[in-house]
Structure formats: structure tokens, C-alpha cells
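Quick note on the working numbering: the sequence shown kicks off at 516 and runs consecutively.
These are computed hints drawn from the structure, not numbers from a lab.
Everything numeric in this text was worked out from a predicted model, so none of it was measured.
Just so you know, not all the hints are guaranteed correct.
What the hints assert, rightly or not - The following label-pair restraints were derived from C-beta to C-beta distances:
1. Arg607 to Val573: 17 to 23 Å
2. Lys544 to Trp521: 30 to 36 Å
3. Gly548 to Leu519: 24 to 30 Å
4. Ser533 to Ala563: 14 to 20 Å
5. Asn608 to Lys545: 21 to 27 Å
6. Phe543 to Gln574: 28 to 34 Å
Heads up, the beta-carbon is just placed ideally off N, CA and C, and yes, glycines get one too.
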Amino acid sequence: MTELEWQAHQKLDSEIVSISLSGQVFPFKKNYGMPVKWVDDFVSDLTASPRVFSVELVQEPLNRRVQKSLEVDGKSISNDQALPFAVRFKVRNEPKVPNSLKGKVE
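Construct all of the structure, not just a fragment, from the sequences and the given hints.
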């Protein structure tokens, strides 16, 4: 991870937090396939989270166009060069209610 930023937005009764995360993936066994899959899996996990309601892969670690992928496989970049990626997502920041208070009406 190279950068993590967040900003709280007050919207009526619920609080929303926007999070921007950027990082780099390095080749694994001289291949970018698994690191790119890890980023895809991370985005999928965020999307599946019940508190996350907006996920955007702002910068993909590898351009998915075939020609661009061939350039990477064709060693036009060095074997140890990191590929940057960036994800932006929004989370509902719901307050935690202690178990002892759940279900009680005041």
C-alpha cells in the first residue's frame, strides 16, 4: 500500500466514509497474473461487504487490453517493476451498539 485517504460525509442520519487506497503489486514468480488476481479479489470482497455500497477500481494494475498485456509479457518492462493500482470505495460508518444494549428500547 502506498497511500490511504478517507473523508467522512454527513448525510442526514447516516455517516458515510469515502476511502481511497492505492498500492503496487509486484510480479510473483516472474508473472503478474496472481498479483492482478489479488487486486480483483480485493475489489470483489469489498463489493460483497454489506457496509460497502460503492466500489470503483480507479486504476487497474494491468491494462486488460491484449496488446498492453503482451507488452508486459514481452518484457517491455523490467521483471521486478511494480504495477500501481488504486481503489475508491464508500462505507456506511454505523455506530457499534454493545451487546448489552441490543434490543432495549429507551
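Here is what the structure says about each hint:
1. Arg607 to Val573: 17 to 23 Å: Hint holds: Cβ distance 20 Å, inside 17 to 23 Å.
2. Lys544 to Trp521: 30 to 36 Å: holds, 34 Å
3. Gly548 to Leu519: 24 to 30 Å: holds, 26 Å
4. Ser533 to Ala563: 14 to 20 Å: holds, 19 Å
5. Asn608 to Lys545: 21 to 27 Å: violated, 41 Å
6. Phe543 to Gln574: 28 to 34 Å: 19 Å Cβ-Cβ, so the 28 to 34 Å window is violated.
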